[in-house]
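With these hints in hand, go ahead and build the complete structure from the sequences.
Residue numbers (this note's numbering), protein chains in the order written: chain A, 1 to 481; chain B, 1001 to 1408.
Since the hints were made in silico from the structure, they are not lab data.
All C-beta atoms in this analysis are idealised placements derived from N, C-alpha and C, irrespective of residue type, glycine included.
A portion of the hints provided could be inaccurate.
[Said to hold, decoys possible] DEER-style ranges, computed between Cβ atoms:
(1) A:Lys468 with B:Asn1255: 21 to 27 Å
(2) A:Lys468 with B:Lys1183: 20 to 26 Å
(3) B:Gln1163 with A:Lys468: 22 to 28 Å
(4) A:Ser222 with B:Gln1163: 22 to 28 Å
(5) B:Lys1183 with A:Ser181: 38 to 44 Å
(6) A:Leu225 with B:Gln1184: 35 to 41 Å
[What the hints assert, rightly or not] Straight-line alpha carbon distances no greater than 20 Å define the calculated PhoX-like cross-link-like pairs of lysine-lysine that follow:
(7) B:Lys1183 with A:Lys302
(8) A:Lys367 with A:Lys302
(9) A:Lys367 with B:Lys1183
(10) A:Lys328 with B:Lys1385
(11) A:Lys437 with A:Lys197
(12) A:Lys468 with B:Lys1395
(13) B:Lys1390 with B:Lys1245
(14) A:Lys34 with A:Lys215
(15) B:Lys1245 with B:Lys1132
(16) A:Lys4 with A:Lys302
(17) A:Lys34 with A:Lys302
[Said to hold, decoys possible] Here are a few chain B residues that face chain A, going by a calculated C-beta distance under 7 Å:
(18) Gly1175
(19) Ile1182
(20) Ser1202
(21) Ala1214
(22) Ser1218
(23) Met1220
(24) Pro1398
(25) Glu1402
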Amino acid sequence: MSLKYESQLREPLVYGNKTYHQVTEDIIRPIEAKPSKLWYIGFYIAVALLLFGVYSIYREVTYGIGQWNLNKTIGWGWDITNFVWWVGIGHAGTLISAILLLFRQGWRTGVNRAAEAMTIFAVMCAGQFPIWHMGRVWMAFFVMPYPNSRGPLWVNFNSPLLWDVFAISTYFTVSLLFWYSGLIPDFATVRDRAKTKLRKHLYGIASFGWTGSTKHWQRHESLSLVLAGLSTPLVLSVHTIVSFDFATSVIPGWHTTIFPPYFVAGAVFSGFAMVQSLMIIVRKVFGMEDYVTMGHIEAMNKVIVLTGSIVGIAYLTELFMGWYSQNKYEGYTFWYSRANLFSPYGWSYWGMMACNVLSPQIFWSRKMRRNLYVTFFMSVIVNIGMWFERFVIIVTSIYRDYLPSSWSVYYSPSTWEIGFYLGSFGLFFTCFFLFAKYMPVIAVAEIKYVLKISGESYKDDMASIENKDAEQFGHEMAHAH
Amino acid sequence: MASIREQFEIPSKMKTWAYALIGVGVVSFAIGLFTKGMGTEEEKAIFLGTIMYNTIFWTLVCNASMFFLCATTMAWAGWPAAFRRIPEAISTMVPIFGSITLVVLLYAVFSHNPHIYHWSIDSVVANDPILKGKSGFLNVKFFTIWSLLAVGLWSFFGYRMRQLSSMADDAALGGMTGAQFIKQNTVRAATFLVWFGLTVGSTIHWLWMMSLDAHWYSTMYSWYNFASTFVSGMALIALWLIYMKNKGYMEYATNEHLHDIAKFMFAFSIFWTYLWFSQYMLIWYSNQPEEIIYFKHRVQGPYKGIFFLNLIINFVCPVIILMKRSSKRNYTLVTFMAVLIIFGHWIDYYQEVMGSISKNHVTLGWFDFGILSFFVGVMIFGVSKALASKPLVPKYHPFLKESIIHHT
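And the structure:
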């Protein structure tokens, strides 16, 4: 008897009577086929958005930051809100591939590839905002600390904005490596099945001469573990440092010690919501319901209700401390600028509370967790809520600062600010469409890894173990070694 | 086929040890009562404060066992089934330690000692606009009701979880199918966790400990202390598991299970440090008087040594020693680290509570260790009793077979 056993109470991770070959067929076929009409429509819309974004940035670079409605008081507006929002979304992928790998969560195999890809694209989008916000973007290389001829003009190592540069670029590099190293065996599979010379050649280059030998697998697995170990602290550090951008300051509503873990929880929350939005579409379009099952979707909804509740505790903690501190500036920010629905930006605070804390509670119900429409709707709601969160944090804290004479008028974005944001969607989806066309959206090799333990037909074969006495089972297992 | 040893018999040596430790504790308490407890208000505060941080610490560390069970239940984890009777047994201490905590805290709040909860003194509050502003939260009535509710509901929800677990000793599973049994478990675990979030995850540490410095506040405070007690709780589970293995029990729990528990000890030591750093760095960086006052005497004053010892024991040691796979599977090393981690976080609680009560001098001495010995003694006594009262393996737990073949 082998060690392959899993409780029948767990749903299969792969449905149907699948063989290894069948798995390859199901997942690789979309790459070999011509893209559907739907794909082209989506892709062109994404490219159009991207072009609009490029034009918006062109305006901003040519005419200056004045193209945006920022002012001296509200120096950070949509740009930094969008930056934090995208970075947050870029957290789920590495959490799934690294932390869930360390936790030995088999269900990660169905979604990790797409989530990792999404992470990389989201971080690319995030990076645009601080870069173009610099205004004189041709000076961007000033953020690199190297011996230079600019005299005392040197990076400020005390600034969390600089730590961001290091944190995000490290995170991006490691995530990219992680994603790519997972892709190598799958690229080799595409190469080996290729019918055209060009495809064979290109995927051959991409797969670095992978042969699938034991030695290759051995190295691949140790590399995965090393990268997982490296990226686990990175998942926490990136959003921690993003939270430092605010929390190290003495601005009411920003300077609070709970920010780092609460930002991380919020990031995971929004990242999972984005994975849901994308995977619900991908599984439908590519017919991959056997691999991204309701079980996967339910598991992710559980993460959403968990992280949403953690974020909820953090919101309430902050709100409570706004009062408990008896600090009138904190009190003003939390109880007037935010929690008061009738203050200028009160709507954004309540939008955030409704989308992030209240509505995800619906997922306590199993029925709701397993409802595709509800899940899709909620995944969008969560990301709207997380956008509000960043907007609330940034704008409601700074629009009325310590000096009433410098209080700002109502801030709303200009066309080019909105255009830039839309452009980032264009970039994200252009990349995602290309990814979905040219790369296996599900990790073929990893699905094969869980297939014989968690595949439906294989689980049926182990049904007889279920009623076996535990003691007898333990005895047999001890002798099987 | 040799069957497994299901029934724990408490070795007489263990009983002797437990009685001896309790004896040392009781004698220390008596001597302390006469040497400190009858003196000035400050001496009384030190006497009471010492008992206070011990009892809060042990209540929450034992409660962390129930948190572990509930969190793994919600995650549908199979692997703890083989040893879950250990955290269950540890969690039976919550009502006992919780009652002691309640007695001590209520005594502290009703005795109106100015060195402990000075917000409990009406005349002080009347002349302090900040405390007056906080009195909606920091008042004797709310403190009493909320503390009673916290301890009462942790105990009750914990009892409900254990009660359900006992049903897995019988093939009938209390008339439920395996799926219903797991569902029932998740419902009860969720109830516990929600209450846990509202207490340990937020309010309880503000009330019990942060209010010792009633003017000071930090939003991180409760999460930080949660991490402290959780990692100590994992260490305590590891200690009991190793003890039981050495006595020849818990056959199904192998090195693989120990390895995973030690991973938790490793990971949450780092997590604790992360929260420590986030709290400390943000306060240090902004350098605002009303915030740094908390750290001033801890970092630069008499508590300096303990402050850095705290970091070395709770961060440097676990990271270096528990990093390797082989050390997480080594009984001696894990035992050593578990004792060190529990001691380290006990020291952390010491500096958090006593650093606020006795700001000018460090009081750590025989009395602290005497009281500690009482709690360790009671814990050994109580947990061994609880272990002996039930079969050690929930034979019909739906995930037991997964746990038997668990491979990390």
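With a cut-off of 7 Å on the beta carbons, see whether Gly1175 (chain B) makes it to chain A.
violated (17 Å)
Could you say whether the range 38 to 44 Å given as a hint is met by the Cβ separation of Lys1183 (chain B) and Ser181 (chain A)?
About 39 Å separates the Cβ atoms of Lys1183 (chain B) and Ser181 (chain A), which means 38 to 44 Å holds.
Between Gln1163 (chain B) and Lys468 (chain A), does the beta-carbon spacing fit 22 to 28 Å?
holds (27 Å)
Given hint Lys1245 (chain B) paired with Lys1390 (chain B) - CA-CA distance at most 20 Å
holds (17 Å)
Quick one, are Lys437 (chain A) and Lys197 (chain A) close enough, alpha carbons at most 20 Å?
holds (18 Å)
Mind checking the CB of Ser1202 (chain B) against every CB in chain A and telling me if the closest is under 7 Å?
holds (6 Å)
For the hint on Ser1218 (chain B), does the least C-beta distance to chain A fall short of 7 Å?
Check passed: Cβ of Ser1218 (chain B) comes within 5 Å of chain A, closer than 7 Å.
Checking one constraint from the list: CA of Lys468 (chain A) to CA of Lys1395 (chain B), max 20 Å. Satisfied?
holds (11 Å)
Met1220 (chain B) as an interface hint toward chain A, with CB separation required under 7 Å:
Hint on Met1220 (chain B): holds, closest Cβ of chain A at ~4 Å, below 7 Å.
Could one say that the CB atoms of Leu225 (chain A) and Gln1184 (chain B) fall in the range 35 to 41 Å?
The hinted range 35 to 41 Å holds for Leu225 (chain A) and Gln1184 (chain B), with Cβ atoms some 37 Å apart.
Quickly compare the C-alpha distance for Lys367 (chain A) and Lys1183 (chain B) to 20 Å and report which way the hint goes.
holds (14 Å)
Lys328 (chain A) paired with Lys1385 (chain B) [C-alpha distance capped at 20 Å]:
Measuring from Cα to Cα gives roughly 53 Å; hence the hint is violated.
The structure fails to meet hints 4, 10, 14, 15, 16, 17, 18, 21 from the earlier list, while all remaining hints are met.
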